[in-house]
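K.L.:
These protein sequences, in sequence, are chains B and S. With the first letter of the first sequence counted as 1, position 259 gets the number 259 in the numbering used here; the numbers rise by one all the way through. With the first letter of the second sequence counted as 1, position 298 gets the number 1298 in the numbering used here; the numbers rise by one all the way through.
Simulated from the structure, these hints should not be mistaken for laboratory data. A quick note: this is a predicted structure, and the numbers were derived from the prediction, not measured. Positions of the beta carbon are idealized from the N, C-alpha and C atoms, including for glycine. One should not assume that every hint holds.
Unchecked claim - In silico DSS-like links for lysine-lysine, alpha-carbon gap of 30 Å or less: (1) B:LYS223 to S:LYS1093; (2) B:LYS258 to B:LYS238; (3) S:LYS1330 to S:LYS1298; (4) S:LYS1133 to S:LYS1032; (5) B:LYS238 to B:LYS251; (6) B:LYS251 to S:LYS1323; (7) B:LYS251 to S:LYS1236; (8) B:LYS258 to S:LYS1064; (9) S:LYS1236 to B:LYS258; (10) B:LYS75 to B:LYS203; (11) B:LYS223 to B:LYS53; (12) B:LYS238 to S:LYS1236; (13) B:LYS223 to S:LYS1323; (14) B:LYS258 to S:LYS1032; (15) B:LYS223 to B:LYS202; (16) B:LYS223 to B:LYS111; (17) S:LYS1064 to S:LYS1093; (18) B:LYS15 to S:LYS1325; (19) B:LYS238 to S:LYS1133; (20) B:LYS251 to S:LYS1298; (21) S:LYS1325 to B:LYS251; (22) B:LYS251 to S:LYS1032; (23) B:LYS238 to S:LYS1298; (24) B:LYS238 to B:LYS75; (25) B:LYS258 to S:LYS1325; (26) S:LYS1298 to B:LYS258; (27) S:LYS1064 to S:LYS1032; (28) B:LYS238 to S:LYS1064.
Said to hold, decoys possible - Some chain B residues well away from chain S (every beta-carbon gap over 12 Å; in silico): (29) LYS53; (30) VAL174; (31) GLU240.
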Amino acid sequence: MFNIVVCVKAVPDPKEACNIKIDPHTKTLLRCDVPLVINPLDKNAIEAALQLKEQLDAHISVLSMGPPEAGNIVKECLALGADQGFLLCDPAFGGADAYATAFSLAKGIEKIGSYDVVVCGMASSDGSTEWVGPEIAALLNMPVVTMVREIVESDRDRWKVKASLENGYRLMQVKLPAVFTVTRDLNTPRTLSFSGIIKARKKEITQWTVSDLGVPEEAVGLKGSPTIVSQLSATESKREVEMIAGTRDEKVAQLVQKLADVGVL
Amino acid sequence: MENTPGSVWVIAEQIDCQILSVSFQLIGQARKLADALGTSVEAVFLGDHIEEQARLLIAAGADKVYLGSSAELELYQPEIYTAMIVDLAQARKPAIMLIGSTFMGRELAPLVAARLQTGLTAHCIDLVLDENKILEAKIPAYGGLLSIICPQRRPQMATIAQGVFPIPELDETRTGEIIPLDIPADIPQRIETLEVVREAADGVPLESAPVIVAGGAGAGDPEGWGRIAELAQTLKAALGCTRPAVDEGWAELETMIGQSGKVVSPELYIGVGLSGEQQHMVGITNARVMVAINNDAKSPVFEQVDYGIVDDCREFVPVLIEKIKEYYEKQVTC
Chain B
1 MFNIVVCVKA VPDPKEACNI KIDPHTKTLL RCDVPLVINP LDKNAIEAAL
51 QLKEQLDAHI SVLSMGPPEA GNIVKECLAL GADQGFLLCD PAFGGADAYA
101 TAFSLAKGIE KIGSYDVVVC GMASSDGSTE WVGPEIAALL NMPVVTMVRE
151 IVESDRDRWK VKASLENGYR LMQVKLPAVF TVTRDLNTPR TLSFSGIIKA
201 RKKEITQWTV SDLGVPEEAV GLKGSPTIVS QLSATESKRE VEMIAGTRDE
251 KVAQLVQKLA DVGVL
Chain S
1001 MENTPGSVWV IAEQIDCQIL SVSFQLIGQA RKLADALGTS VEAVFLGDHI
1051 EEQARLLIAA GADKVYLGSS AELELYQPEI YTAMIVDLAQ ARKPAIMLIG
1101 STFMGRELAP LVAARLQTGL TAHCIDLVLD ENKILEAKIP AYGGLLSIIC
1151 PQRRPQMATI AQGVFPIPEL DETRTGEIIP LDIPADIPQR IETLEVVREA
1201 ADGVPLESAP VIVAGGAGAG DPEGWGRIAE LAQTLKAALG CTRPAVDEGW
1251 AELETMIGQS GKVVSPELYI GVGLSGEQQH MVGITNARVM VAINNDAKSP
1301 VFEQVDYGIV DDCREFVPVL IEKIKEYYEK QVTC
């Protein structure tokens, strides 16, 4: 059996995330009720695992950390074809930075027990640090390739992958077990099927608390985070806009004149 | 020696033996931080045949360069690079470690940070010291700026995009120490960079372009994107983009402007069909003149530019291209 662990994150729907703003007076976050969805790049991670399952005799475990509602995105992954779901769910996990998140997920992966590859999206749409995948690798002492855009060879013990680089790519050879973070160029994620949703009803999601992982509370969440937010400040634009109005032709003519005045034509 | 503050480190990067501009920019900022802290700037520089280049890091402001120069280090090799930097950091205990948000930096930085069990702030747009001389790394979020600090653990680590800080003037008379590094013997070789392939970038490079046209989700489809690209071509401008344009597959990640892309300062910026998302705008705030075209009069982009036009970019841009061509023809005939 070839064992794959896919790490997924529930994020505020990126389409509505712009509604989360800082109150310039209280400097606290004004959260409208933005629904949680699966992080877009994690869909590419799940898809990579599902494609491997079609080639190899593979077993897919999905692991997430978050509030109870995050269970829904784990369920979604089960409906897509993953075999088992795990959710690290405990108020003590809250407020984690990338390091504390990677630490908790690494402990979860150890508890799942068998893993030949761990696949993560390259970054999350809300945190955008890109650190969790490689930090999991470092903490579990596994090699990692970030920003994988093509899996060239996927043998049971050795992979060859192409990873994005400035104006090109690097071809990497990796001994398994290993961690891979993937870009959207890797594949096109499939959509949910009705039969998948029916099958997922029978699949269980295992929830683990901090004590289930056997780690002290000081090692996870806000307490286990080396970095903290010290300040929130509002930014103000220094520019004053002049709107160019009129018919389309008038607007174009005025803009061309402005460009000429700026000296760029 | 107990009370000597740790030094400020920069992980310098080279491609084909040429030091990247972001590395010089970070040395410049490291110098300012180190002067304020009363400590030194030290660079770690790995590659092959780079002894001459190492002197340039001293000319830019480094006091010490830890130099690993050998054939095994020519290409970025994750396990060797990580092990060398981690070993050195454990021995020398820097206070701060800065790494460029390049493809290499974005993989290497978290590998080093996790091994050192310390904090790493991603893609900062400013670095300052607070009243306790703790590093404040600023990142844009939620319509404002967050200051991230790493109060207890060391080093305080951050990645920084190219273009955030200016390149310092090189002073060839500056002196410093170059300390050669050996490659440790016992590094696991589970991963190997077999090959690096550079594909020729087309168009004008963003970093040096006097004019930049950037497109966003408002392009609508590949055809709409093609019109924005044509506008850039007509103006001999570099073509930049926002995250949604990359997500749609219209534009390459390398052309993304913003916090996790490139920070640029052209004479003129024209933003087409983009909403003024802060993560993009922080990459372009230093442009001299900024223009935005968006079909939503309420778009936040209009609070951040000099000239705004409310129109459907898919219809506006082709007319604009025609008029610019007419203007050019008139210039030639006059």
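K.L.:
Run every hint past the structure and note whether it holds.
P.N.:
Against the structure, the hints:
no.: 1; hint: B:LYS223 to S:LYS1093; in the structure: holds (23 Å)
no.: 2; hint: B:LYS258 to B:LYS238; in the structure: holds (20 Å)
no.: 3; hint: S:LYS1330 to S:LYS1298; in the structure: violated (36 Å)
no.: 4; hint: S:LYS1133 to S:LYS1032; in the structure: holds (13 Å)
no.: 5; hint: B:LYS238 to B:LYS251; in the structure: holds (24 Å)
no.: 6; hint: B:LYS251 to S:LYS1323; in the structure: holds (11 Å)
no.: 7; hint: B:LYS251 to S:LYS1236; in the structure: holds (21 Å)
no.: 8; hint: B:LYS258 to S:LYS1064; in the structure: violated (49 Å)
no.: 9; hint: S:LYS1236 to B:LYS258; in the structure: holds (17 Å)
no.: 10; hint: B:LYS75 to B:LYS203; in the structure: holds (8 Å)
no.: 11; hint: B:LYS223 to B:LYS53; in the structure: violated (38 Å)
no.: 12; hint: B:LYS238 to S:LYS1236; in the structure: holds (28 Å)
no.: 13; hint: B:LYS223 to S:LYS1323; in the structure: violated (60 Å)
no.: 14; hint: B:LYS258 to S:LYS1032; in the structure: violated (39 Å)
no.: 15; hint: B:LYS223 to B:LYS202; in the structure: violated (36 Å)
no.: 16; hint: B:LYS223 to B:LYS111; in the structure: holds (22 Å)
no.: 17; hint: S:LYS1064 to S:LYS1093; in the structure: holds (14 Å)
no.: 18; hint: B:LYS15 to S:LYS1325; in the structure: violated (37 Å)
no.: 19; hint: B:LYS238 to S:LYS1133; in the structure: holds (29 Å)
no.: 20; hint: B:LYS251 to S:LYS1298; in the structure: holds (18 Å)
no.: 21; hint: S:LYS1325 to B:LYS251; in the structure: holds (16 Å)
no.: 22; hint: B:LYS251 to S:LYS1032; in the structure: violated (46 Å)
no.: 23; hint: B:LYS238 to S:LYS1298; in the structure: holds (18 Å)
no.: 24; hint: B:LYS238 to B:LYS75; in the structure: violated (46 Å)
no.: 25; hint: B:LYS258 to S:LYS1325; in the structure: holds (15 Å)
no.: 26; hint: S:LYS1298 to B:LYS258; in the structure: holds (23 Å)
no.: 27; hint: S:LYS1064 to S:LYS1032; in the structure: holds (15 Å)
no.: 28; hint: B:LYS238 to S:LYS1064; in the structure: violated (39 Å)
no.: 29; hint: LYS53; in the structure: holds (24 Å)
no.: 30; hint: VAL174; in the structure: violated (5 Å)
no.: 31; hint: GLU240; in the structure: violated (8 Å)
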